[in-house]
Amino acid sequence: MTPAVEVRDLFRVHQTPEGDAAALQGLSLVVREQEVVSVLGPSGSGKSTLLRILAGLDRPSAGSVRVFGTELGKLPAADVGRYRTSTVGYADQHYARALSPELTARELVALELGLAGAPRLVRTRRADELLERVGLANRRDAHPSELSGGEQQRIAVAASLAHRPRLFLADEPTGELDAASAALVYETIVVRIRDGRVSEESARADGGDESIVVGRGGWLRLPEELLRRSGIREHATARLDGREIRVSSADADLVPETAPAEQHRQRVVDRTAARLQGVTKVYGAGASARTALDAVDAEFRAGTVTAVTGPSGSGKTTLLHLLAGLELPTAGTIDVLGTNVGTLDRARRAAVRRSHIGYVGQQPGLISTMSAVENVELALALRRRARDSAREALVAVGLEERADQRVSRLSTGERGRVAIARAVAARPELLLADEPTSRLDQANALAVGALLVNLARESGTAVVCATHDPVLIEQADEVLQLA
Amino acid sequence: MSTVLRRIAYPLRLSWLRLTRRGERVLLVGLGIACGAALLAAVLAGSLIARDRSLARATARLPQTDRVVRLLWGGIGSGAPNDPARIDAFARSAVTPLAGRPVRAMLLRQSESNGHLFDLGAIDGLAPFVRLTSGRLPRACTPSHCEVIQIGGSGPIPPIDGLRLVRVGRGGLASAVPLGNLITRETYRSVLSSSLRYHTAATPPLLLAEGVRGLARAAVFGPTYRSYVWTVPLGAHDVHPWTLDRFAEQVQRQRSRVEAQSLAYDLIAPVDELRAAEGTGTVAGRRLLLIGGESAALLLAFAVLAATGLRRDAEAEWRRLTWYGARRWQLALVSTAEVAVVAAAGAAVGWAVGAGVAALAAGRAHTPAGAVLAHSALSPRGIGFAAILAAAATVVVLLSLRAGAARVGGVTVTPVDVAAAGALVAIVIALARGAADTNALAQERGTGGVLLVLPALIAFVAAVIAARLLGPALARLERRARGAPAPIRLAALSLARSPGRAAVAGAFLVVSLGLALFAEAYRATLVHGQQDQASFVAPTDDVVRENLTQLVPVLQAAPLGRFSAIAPGTRAFAVLRDSGNVRRLQATRSVDVLGIPADALPSLRWRSDDASRSPRTLARLIRPSGEVVLRGVAIPADGRTLTLPVRTRGDDLAVRAVIVTPLGTASGIALGTTGARRLSAPIPRGARGGRLVALTFELTGTGLHGVPNGGQNAAPIAEGRMRLGVPRVDGKPLPFDRRTWSGTGGITDIGGGRLDYVVTGGTVARFRARQPTDEHPVPVVVTQALADAAGPGGILPIEVGNGTITAKVVATARRIPTVDGDAVLADAGTLATALDAGAPGAGARNEVWVEAARGEQARLDAALRRPPFDILEVTSRRAVLRDLESEPLARGTLTTLAAAALVALALALLGLLLGVVADLRDERGELFDLESQGAPPSTLRTHLRLRTALVASAGVLGGIVTGAVLAALIVALVTLTAGGGSPQPPLRLRLDWPVVALGIGLYALVGAALVAIATRRAFRADVAGRFAEAGT
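As you go down the protein sequences, you meet chains A and B in turn.
The opening residue of the first sequence carries number 24 in my numbering; numbering runs sequentially from there.
The opening residue of the second sequence carries number 5 in my numbering; numbering runs sequentially from there.
Just so you know, the hints here were simulated from the structure itself, not pulled from any lab data.
Glycine residues also receive a C-beta, built at the ideal position from the N, C-alpha and C atoms.
Among these hints, one or two may not hold up.
With the Cβ distance kept under 7 Å, some of the chain A side facing chain B (calculated, not the full set) [to be verified]:
1. Leu134
2. Ala370
3. Gly388
4. Thr392
5. Arg406
Next up, chain A with everything else stripped away, as it sits in the complex:
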């Protein structure tokens, strides 16, 4: 039986002005039909590159890639489109990019069928069915700008499944989804697989039959739990011990140790960094008004890590924006370090952020034309701080080797880490992070979690993270659950 995916000695080298960068080096992999495979690995390890090559969106530099017997490296450019339409479903990690702003949810889901020439009735019925399955049947006429990030992600996944692909490739399909939404998405994918002989590869999946780990020097197929317990992150060392191969972490020391809880308790400064009282935030007016937060009271103390959780659309991002003074409440007061930011004008709120607040956005942000270190230095310069700590912060998030790369050439996960480094470099009194680990592999998520905890312990920073990542929630001192 022909395997669904057969990859041998795959290399992909990107040429950049800063030098050649090998995203994949000698990857070999076989995936059977109806098999669900999760691709795990640190950010920058080539997960997205692998999926893009399998989707026909990128070409291998060397090696062989066969999908259902088709050699993708030799596929004429004119046939690539046909291959994608007939064989592949692809959900990009940048889900927002997959959604045309002028189309409704139903039109988006029906898009691929339309391009394939399906009749209107067929594609409408199929779109409605998928929207129903991802819990967005009532939002079928909404445009992307009217949907939350999680809702957009669900639409993007549904849209990539509409044409019943034989190979489904999903790059971080649940990165910003709460557990319930993620479950819906996985259920949708799995149902499709069981129904229709689909092989699935996911750059991060909790429910995979098998996991593969992408490493810089080659490939090991090891269970995630095993890796985690062994402390293996990016690099592993393998040595032959008789007839056994002993694999140990080559970068175990990169994972910062979390300070003991007792020590933490002692260092906590007994003061409130930020407080919300009866905060309500309503977007729009009249019939289209949508309440993001409704009379929320909360308190964030210095030296603690608070995880703000809740389903997508529950107002997590809005809460962080309000605390940062990036938005103003409809009602209620927001006290940040003794200042009611709701009463300040835009420039003064910027001054408060500059002096006291670090902010990591849901999107990594950053100036894409500048390098990682320049981005961090710029933030420090804006805060009138010495630039020396820029590289130190990048080392802390494991990016010392990528510090001089232009941000636009970094992977999404690496960009996320740069954003974190930029926020922590200034040692702010209040650090607000929106889904800081949503695009990170588990090891990096652990490291970032530890980094934030240490920041809180050592600097007395109040860290507030909007997240649904259990790894991060586990390390938090407090959890604020939004409805």
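Starting from the known structure of chain A, arrange chain B on it as the hints suggest.
For chain B alone, kept in the frame of chain A given last:
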């Protein structure tokens, strides 16, 4: 619907959804295309309006007798084929289709009856064509009673058998239209008649009757030769540029028809004159297209700029659709359909707007709007233009959205680079071909055609070069800005690392500002060109010459002092103009010789490039070192009789005293022959107060009496010796110093008052006063060809009249005012003296140049239209300039240029604004990110403003260079005046610096204000906005 069709239809539906739901994205692109189309349509129609008005003006300026369609028939009245009714019917059938219903007239010229000569004519509907001075208008003529009005000549009404003529009134012709050239002015009245009357017989009476029919049927004139004429006056607006060909064709067809009928017919219409006028209009109209095409290119460039702003959006859409499995052709279909719809809609709307504007303009210009549009914007050719524009816009926008790059030998080459290289080749070829004059531009293709697109090509190449240079320049700037404050560093960094859009924005500014500067410079050049033309024709406020129909010399009509006294501060000086020959010239030997007082030169309107030296230097060079006046013996103003004592031993000679009158003319007084001891003659009135400058001696007879063989191979000769006494006037001796006189042409002064003479008929024997110019050549300024023809030391012999002057070239001039061709310029006094020395009277001034004091020009012009100046020909600089300025084509050209400059400037501002708006939109996410890191709105505003200022500075700099290069090349290569004629003097690049400074200042001011407002508005809200973080 099949699957294949659905796969084609779906991308089209997607395009439609994108356009209808987020059409504002492409609004600016559509607007750019619409503006380009509107401008092109308006220029197409506008150029036709200007041509029509120019043709109407040229038609109106034709002499009244020529501005008609006229059919003539000449023959005797008897015989069936010559039946008046039959002839009339045929003639009307030939003339009416051409220009409408004709007026019929007939004339019996120089008829005779019973020994009386008379001219007898008739006009159908006589009243409008005559001016009654006495009596009444005649009633319809019948053979038994034919009433006539006498409109010219004199003498009694002739008695005619069988036709009773009754004169009922007198008057004159109010219009020459019905009879045309059948009668001349002399036939009935003439300005010259009073002078001619002495030599010609009195003109016979010219009688006109009412109605041709009655006169034509008069049996008495049956065998008499007569002329019938059918005339239709052509109104200024009867023939249009678009009807001229048809009109000419019809005239030719009818001419063939009438000639086929009988050779007695002759059809006359001013086709050649109208074609000549339209030819100029066509050239000027084509040049207008140059400006229109250039503006359209500019607006297309704007569309490209706007499209570049959409590139990110378009790339995102392609990426999305690629993820969803779209084929390449489907991607292309989505993009092409979207752009094509925008381009087609923009072109259609723009074309309609342009046509509407043109219709309004046509209405104001009293030109039929419907016809103008039908033959320009809405003609098949015009619609084709619009379609081509839409197609070109689609391709250009698609290219700007999708153009990729290739690496050739380590250099990145884009399709735009390749196109720019092609454009550069075209420019080089155009330059190699040389300048295009009116003829070249009149041709549809060739040099002229290439030159028409030259501005667009140059602007395009400049844009690409600017875009190419901007990247490295920004990178260098970024390196220098590393230690600068955050906003500066941010601005420099973002520009240097992502120079693509900045390069496009900068290139657009280079194009728009370059074209704005070019349009303004070209406009200023043409305006100054008009002034130069007027100054060339009249270097002073007025140039007064003899009117050749009046034959009254200028200084005879009014002395010089009279001109100066016209208004306070008026300066007048007499100028000598003659034609001469220079034998050393290889080709045309004829030159104009101009004598202007050296002191007057600096006050003339010389263009600085007219000569190699300044007018002041030229004046110094031609000014004589000492006093140069005509020497001779002064004749008292009240002297009546001139007497010359003379004793001769030898053959007799006729002696003539030559007096140069106070007006500078020569008066020869025949004193008698030397046979008499005392020669005497009255002094003519005009010569009194003059100066006796010479005595000439001529043979009194053939001198061949008694010569063998009948004088064959023998020449007459008179020899002898004479003693001249002191000439006297009214008996009083004149201060005659014989030592200052010398003999020429066979006269030799042997001292003691004695002259030996050998006089032949071949030369003029003369004893004359020695003149200051006898020993010194006349310093002259000459044109280059003459300078090249001069001998060693710059000596140049010039034949003028009957003499030859020896000139010395002291300077060269490219051109000399009022002279079209090779010319010699000398000090008027020196030149006149030199000419008078050889041929007394030849140095008479024949022009007066008058310069009024500031503000008195109108008064001067008015005075010169009144007696005694009204019999002279006056060329007023103001009138010439007014005429040039009022020429419709010139006005159209200048207005279009001014409009093009303003539009380009406005677009440059819009481009600047567009750049800021695009930055604010596309970098919303990055700006939000900076703000989230604590950057206050003021820092972000400063960052954006600095970026814009950097791009704008590069654009302004490049624009100035581009505009200067463009203007210099176009002025050098397109040698046309504002009105479409050949410029004399040639055009010279000019800039109205105040206007340019105002433009740049205005641009900087408004641009800064727009950018300030845009950036202020962007950060004025309390918060950045809900979706700012995602950058959506």
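Each hint tested on the structure:
no., hint, result
1, Leu134, "holds (5 Å)"
2, Ala370, "holds (5 Å)"
3, Gly388, "holds (3 Å)"
4, Thr392, "holds (3 Å)"
5, Arg406, "holds (6 Å)"
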